[in-house]
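Just so you know, the protein sequences line up as chains A and B, in that order. For the first sequence, the working numbering gives the first residue as 1, with consecutive numbering after it. For the second sequence, the working numbering gives the first residue as 1, with consecutive numbering after it.
For the record, the hints were derived by calculation from the structure and aren't laboratory data. Incorrect hints may appear among the rest.
Here are the simulated lysine-lysine pairs, DSS-like style, with alpha carbons at most 25 Å apart [stated by the list, open to error]:
hint, chain 1, residue 1, chain 2, residue 2
1, B, Lys-8, B, Lys-391
2, A, Lys-9, B, Lys-391
3, A, Lys-51, A, Lys-134
4, A, Lys-23, B, Lys-391
5, B, Lys-384, B, Lys-288
6, B, Lys-283, B, Lys-317
7, B, Lys-289, B, Lys-320
8, A, Lys-6, A, Lys-134
9, B, Lys-410, B, Lys-288
10, B, Lys-384, A, Lys-23
11, B, Lys-160, B, Lys-8
12, B, Lys-169, B, Lys-257
13, B, Lys-391, A, Lys-49
14, A, Lys-6, A, Lys-111
15, A, Lys-136, A, Lys-49
16, B, Lys-79, A, Lys-23
17, A, Lys-49, B, Lys-384
18, B, Lys-320, B, Lys-332
19, B, Lys-79, B, Lys-169
20, B, Lys-257, B, Lys-288
21, A, Lys-9, B, Lys-384
22, B, Lys-43, A, Lys-23
23, B, Lys-257, B, Lys-8
24, B, Lys-410, B, Lys-384
For clarity, every value in this text was computed on a predicted model and none was experimentally measured.
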Amino acid sequence: MIIEGKVHKYGDDINTDVIYPGKYTYQQLTEDEMASHALEDLDCEFARKVKQGDIIVAGKNFGCGSSREQAAACLKYAGISAIIADSFSRIFFRNAINFGLLAIANSEAAKSIENGSIVKIDRDNGIIEFDDKKFKFSPYPPLVQSILDDGGLIPHLQQA
Amino acid sequence: MGQTIAQKILANHSGNETVKIGQIVTVIPDYVLSHDNTAAISKKFARLSVDKVKNPQQSVIVLDHTVPPSTAQYANNHKQIREFVELNNIEHFYDIGRGICHQVFSEEGFALPGTLVLGADSHTTTYGAFGAASAGIGRSEVAAVWATGEMWLMVPQSIKIIISNTLPKGVSSKDLILTIIGDIGADGALYKSLEFYGDTIDNMTIASRMVLSNMAVEAGAKFGIIPPDNKTDEYLENRAKKRYISIFADDDAEYEKVLEYNAENIVPVVAAPHTVDNVVPVKDVAGKKVNQVLIGSCTNGRAEDFRMAAEILDGRKIAKGTRLLLFPASSKILMEILLDGTVEKLLSAGAILMNPGCGPCLGAHEGVLADDEVCISTTNRNFKGRMGNPKSFVYLASPYTAAASASAGKITDPREFL
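Given these sequences and hints, build the entire structure.
Printed below as a string of structure tokens:
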């Protein structure tokens, strides 16, 4: 699978409260409503400027904090196709995969890729392309690839 | 090569003799925890072609996050959860008023040495204080465990932390764990298991140990394990929900690193806005005006925490222009501090007593801050917007420091009061 999109770049320790504030966590909102609150407390312009297929690039420990799955869900509903970070918080990483959102930890790519640029990801072969540079990452094991292909853990289990 | 506690618990929950670091194993957790998010999880569960929860005894559900409900939507969530509980014959259900899930789970004897617990809440790490391997997972994953009884996990590396000697007067386990997080960073234990050792831990109460395990996740940890001992067994006597076998690390277990701390050198600290690893001595921010003080939560809402606050506030008043909110972690704790006079001392000082529950910690339904207001809190997160308003500022501290700051109306070193 090839993913290509425009980059929204953020810093280190982007936590789940700024991605999806706690005040919405126990409200059962629609996908569009959730998308409209994505990254609300970090970048209030994000929901307006994000386009389908865009990519987030960030520093270390992306998604730290709460276990709220909506942090991954709201980004997916906002149109984000992949997140490349220096590192991910453990629960966010699981939530992203389980929501069918590609999450790739790659320090070099996370440092080099510039805000607003176009990045191409070859998921199955583990290659990120930016400018003239190529960054390699370990492709996911078949189980994780199939969860991503099915659009997340719940649809994956529905098909099992 | 020997095995860590995390390796041993993951091995014996996945049918393996031993497991390697980095190995992915399919485990059957002893318990899976959920709270108000059970309403949303049950909708995910309904999408799976499964009639009922596979093992209702595995599920523990506690309503705590938005209790009592402040909106019709929250009330409807609770109603859906009660219906789900009834339909699936879930026996381990605790309705609003019993307390915060992590405290209730522990008091009711589900948190046991050698067990594996997964929960749809990041502070599920708390049960490490009883020698359990316990970690947060997402909502989809809980739905999957309800359907199948099992989940995949990666075997983590472990970091050993050894703490020696006695914490000085006015310094609590909250100062210790904040100091550690400040040193190693919010990602210092990312995907790793922390194991805590040393005579400081041996001499700590169960309540103080729970603070360490609870906050382990704020350094990114998967588990925050304290080897069980006589105190653990005493706490669990007449309480444990089932028989347990304590698990200890082998002498030659492999650790990624070993960190050593001298408790005598720990001073009162705060985590300043807006990250938990932004830790500085209280003296560096002393004098900062505070509008609201919170004492409570799954981190510091136990009887000893309120007694620490009462030690400071007995015979004193909170400063004019400062609000002090108390939210005990459980109904049992509330009863205990009512009967021993702690509540009376705190209310006499001007505190507001709230019902047991998550309270204002997560900004979902009460105790929200106004623009530009400052809160000093014994909770676990100070992220921007955490308490419901991105224009406010949260400092994390011990109950001693919170109480001293309530009395002075500004951030204050508690040692001045003791």
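To see whether the hints hold, each was checked on the structure:
1. B/Lys-8 x B/Lys-391: Violated: B/Lys-8 and B/Lys-391 sit about 45 Å apart, past 25 Å.
2. A/Lys-9 x B/Lys-391: holds, 23 Å
3. A/Lys-51 x A/Lys-134: holds, 24 Å
4. A/Lys-23 x B/Lys-391: Given that 25 Å is the threshold and the Cα spacing comes to 14 Å, the pair holds.
5. B/Lys-384 x B/Lys-288: Satisfied, since the Cα-Cα distance of roughly 18 Å is no more than 25 Å.
6. B/Lys-283 x B/Lys-317: holds, 22 Å
7. B/Lys-289 x B/Lys-320: Cα-Cα ~11 Å, so holds.
8. A/Lys-6 x A/Lys-134: holds, 16 Å
9. B/Lys-410 x B/Lys-288: The given pair, whose Cα atoms are some 5 Å apart, holds under the 25 Å limit.
10. B/Lys-384 x A/Lys-23: With Cα atoms ~13 Å apart, B/Lys-384 and A/Lys-23 stay inside 25 Å; holds.
11. B/Lys-160 x B/Lys-8: holds, 15 Å
12. B/Lys-169 x B/Lys-257: Cα-Cα ~30 Å, so violated.
13. B/Lys-391 x A/Lys-49: It holds: about 23 Å lies between the C-alpha atoms, which stays within 25 Å.
14. A/Lys-6 x A/Lys-111: holds, 16 Å
15. A/Lys-136 x A/Lys-49: The hint is violated at about 29 Å.
16. B/Lys-79 x A/Lys-23: Roughly 20 Å between the alpha carbons, so the hint for B/Lys-79 and A/Lys-23 holds.
17. A/Lys-49 x B/Lys-384: holds, 22 Å
18. B/Lys-320 x B/Lys-332: violated, 31 Å
19. B/Lys-79 x B/Lys-169: violated, 47 Å
20. B/Lys-257 x B/Lys-288: Violated, at roughly 37 Å.
21. A/Lys-9 x B/Lys-384: Holds. A/Lys-9 to B/Lys-384 sits at ~19 Å (cutoff 25 Å).
22. B/Lys-43 x A/Lys-23: holds, 20 Å
23. B/Lys-257 x B/Lys-8: holds, 19 Å
24. B/Lys-410 x B/Lys-384: holds, 20 Å
When each numbered hint is compared with the structure, violations occur for hints 1, 12, 15, 18, 19, 20.
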